[in-house]
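S.K.: Let's have the full structure, built from the sequences with the hints guiding it.
Same order as they appear, the protein sequences are chains D and B.
For the first sequence, this note's numbering assigns the number 1 to the initial residue and increments by one for each residue that follows.
For the second sequence, this note's numbering assigns the number 1001 to the initial residue and increments by one for each residue that follows.
Hints listed in this document are in silico derivations from the structure and should not be mistaken for laboratory results.
Keep in mind that this is a model prediction, so the values were computed, not measured.
Treat the hints with caution; some may be incorrect.
Just so you have them, the derived chain B footprint on chain D, three or more residues with Cβ under 8 Å [claimed, not checked]:
(1) 13-20
(2) 222-230
One-sided excerpt, in silico: chain B residues whose CB lies under 8 Å from chain D [unchecked claim]:
(3) 1012
(4) 1325
(5) 1388
(6) 1395
(7) 1397
(8) 1408
(9) 1412
(10) 1418
(11) 1438
(12) 1454
(13) 1455
(14) 1458
(15) 1461
(16) 1462
Even glycine gets a Cβ: it sits at the ideal position worked out from N, Cα and C.
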Amino acid sequence: MSDTASNRPRVGLFVTCLVDLFRPSVAMAAAKLIEHAGCDVVVPRAQTCCGQPAYNSGDRPDAKALALQTIAAFDGCNYVVAPSGSCAGMLKAHYPRLMDAGTTDYARAAAFSERVHELVSFLVDVRGLRNVPGNFTGTVTYHDSCSGLRELGIKTQPRQLLTSINGLELKEMADSEICCGFGGAFSVKFPDISNAMVEKKSANIAAADVDVILAGDLGCLMNMAGKLRRQKSSTACRHVAEILAGELDDPPIAAALD
Amino acid sequence: MQPTAHDFKSNARAALADKQLQDALSGLPGGLVAQRAAARARLPEFDGLRDYGRDLRNHTLEHLDVYLERYETALIKAGGHVHWAANGEEACAAILRICQEAGAKLVTKGKSMVSEEIGLNARLEGAGLEVVETDLGEYILQIRHETPSHIIAPAIHLTQGQVEADFRREHAHLPANRRLVDPAELVDEARQILREKFTGADVGITGANFLIAETGSSIIVTNEGNGDLTQSLAKVHVVITSIDKVVPTLDDASALLRLLARSATGQEITSYTTFSTGPRHDGDPDGPEAYHVVLLDNGRTELLGSEFREVLRCIRCGACMNHCPVYNAVGGHAYGWVYPGPIGAVLNPGFIGIEEAGNLPNASTFCGRCEAVCPMRIPLPKLMRHWREREFAGGGTPFSTRIALKSWAALARRPWAYHFLARLTSRAMKIASGRNGAFRWLPFAAGWTGGRDFPAPQGSTFQELWAARQKQAAKKRSGR
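M.R.: Structure follows, in structure tokens:
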């Protein structure tokens, strides 16, 4: 990365709280991909969480405060990119809804919203990326995380980039568009239902018979990886950015270190 | 019906452990879901029609008073009677009075969720009337003393084997060695039994899928033809329905019918679509002598004037529950009141209160599949979130959740403290997990670790690693 006044677009990386805390390698891979797509990456320190836990629990005031904090943190960025359809969906689709129409906050949220993109759709739809640095030989399947799919229309983009990798074979699993049962606080408030849902998902993953299950959201991945690990499955679980960037040194999610 | 929505969690646990229920539910994806997808694929303008339906319903709700009055005027002109009911009690009382004035002993019923909402059967039976459900699914539930678990496929929670056993038990006068293997054989047997009821009924009660303001007509859609027999063979036809069912014109109704059947069962149109406009008129070959419509409010005008207005666009197709992974996992009874699935998660709190039904709008991952298939484009996740907001603002959110949420939010609003604690947490959890990469048990996520492992963090936060990377890059530059 260069700090000279380049004419490369300045991309603010919205790390997401889960990636920051649990799997920083995903954000490293994301930064590498964004740079590969001809952009400069900045990581504002003033970002924490997108506010979705508050928003989805009915705590609008805290959600709004976090939204304003996030918007301010990314002042001066041409784009705001998150390695998560769920968090990007929050920033893009829901921030404006948190503000009262006609206020300056609303105008800021609306302008901010236009600059926000989920990582893979940013690479493909905004930057026109067709080839990635990643290198992988083996079979993978891709789980369509709900918010990315239904709020942001992310479906073909990850598949397009994945199939550009030589040696990678993408096998579709059944019901890839059905929720894995994570749902943030849902997985803690309704663990039995959440577990039943991820059990259906892990059965579909097993039937796909692949080396790696990929997705664009760490929450879903932690849920699926946790289930696969409990079932002693040999299928590895990774964020799609890791494969695309070729950042595979860290063990897969929930995998033992040896 | 006594609500058990407050017991949703234990209802759900029981449902998940119920092997027979799980068998029955496993037919949903290949059945109603696949049928809808095929029907949608056959109609290129389907999504455009959804926009049209949404706008039409919005317009009608905007002028609901006007269209209801227009409907009433047209219906009276056609010789029908209108009974306005503010709540279930008033609706039941009006229907009971009609039955008693007709000297009724036997009442047949077509399928009606509104009648479930007001507890009509119990009320009529309590007054000594015999009430017979004539929809096959509803008939099965009646002999099992159960309530519907789905709004269009009320007995979807049962397997064919269960129904066969019920029929053998209930219809003991029929030969014990008869064949009851094919669904068609079950239907035939129910028909035989119900035929006597149709011809002997004094009052026939149906619901209505739509009411048409310009003509004063009510419409029912069925696949069994039981509704037609219910409403045309008895002397008195009573329609029990709610005020949100009115549409302006016949053309409007036909547009909605195109969406309804496709979304519900994947049919272009249901086998029977029956229009009723008042009692039998001179020259009509058949029809009832009297025609009554009971129009229920029961909280709907309150929803109309609230942030939940959009839910009143619902045309009761059931697509939201067919596509809901939570409904698919636990079935309809777990929801604990009349309307299950995503639509129930929005409607039930409006009808029985958020205190009773608070679990329902919370029991969603917001996966958005319901909204994606809703023919009326009702933003169900948004409306569920509104209930959560009401619950939170009203102090209904559990204390422990509130405390956890408030402390987390306070931290997240202080980035420096947040990043500091994130570093500590990441390190501590990494150390605690050793080289295992995951936790088999975690004290603060025992529910989670009951069924799956909890992945361990990598040990450093991204903010830390990024700062180190920046520092190194700066060093490299200055050393150059």
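S.K.: Now tell me, hint by hint, if it's right for this structure.
M.R.: Quick rundown of the hints versus the structure:
Coverage of a stretch by a chain is defined here by at least three residues with a beta carbon nearer than 8 Å to that chain's beta carbons; for the region 13-20 of chain D and chain B the count is 4, and the condition holds. Figure legend: the region 222-230 of chain D, annotated as covered by chain B; annotation consistent (7 residues with Cβ-Cβ distances under 8 Å, at least 3 required). Given the 8 Å rule on beta carbons, the hint for residue 1012 of chain B holds: about 6 Å separates it from the nearest Cβ of chain D. At a threshold of 8 Å, the smallest CB-CB gap from residue 1325 of chain B to chain D is about 5 Å, leaving the interface hint in force.
Hint status for residue 1388 of chain B: holds, given a least beta-carbon distance of 3 Å to chain D, under 8 Å. For residue 1395 of chain B, the interface hint is violated, the least distance from its beta-carbon to any beta-carbon of chain D being 11 Å, above 8 Å. Because the beta carbon of residue 1397 of chain B sits about 6 Å from the nearest beta carbon in chain D, less than 8 Å, this interface hint is met. The closest approach between the C-beta of residue 1408 of chain B and any C-beta of chain D is roughly 7 Å, which is under the 8 Å cut-off, so the hint is satisfied.
For residue 1412 of chain B, the suggested interface contact is upheld, since its CB lies about 4 Å from the closest CB of chain D, less than 8 Å. Against a cut-off of 8 Å between C-beta atoms, the interface hint on residue 1418 of chain B holds, since the closest Cβ of chain D lies about 5 Å away. Because the closest C-beta pair between residue 1438 of chain B and chain D is about 4 Å apart, less than 8 Å, the hint holds. Here the hint on residue 1454 of chain B is kept, as its CB sits about 6 Å from the closest CB of chain D, short of 8 Å.
A least Cβ separation of about 4 Å between residue 1455 of chain B and chain D falls short of the 8 Å threshold, and the interface hint therefore holds. Taken as an interface hint, residue 1458 of chain B checks out: its beta carbon lies about 6 Å from the nearest beta carbon of chain D, inside 8 Å. Because the beta carbon of residue 1461 of chain B sits about 5 Å from the nearest beta carbon in chain D, less than 8 Å, this interface hint is met. Evaluation of the residue 1462 of chain B hint against chain D yields a held restraint, the C-beta minimum of about 4 Å falling below 8 Å.
Checked against the numbered hints above, the structure breaks only hint 6 and satisfies the rest.
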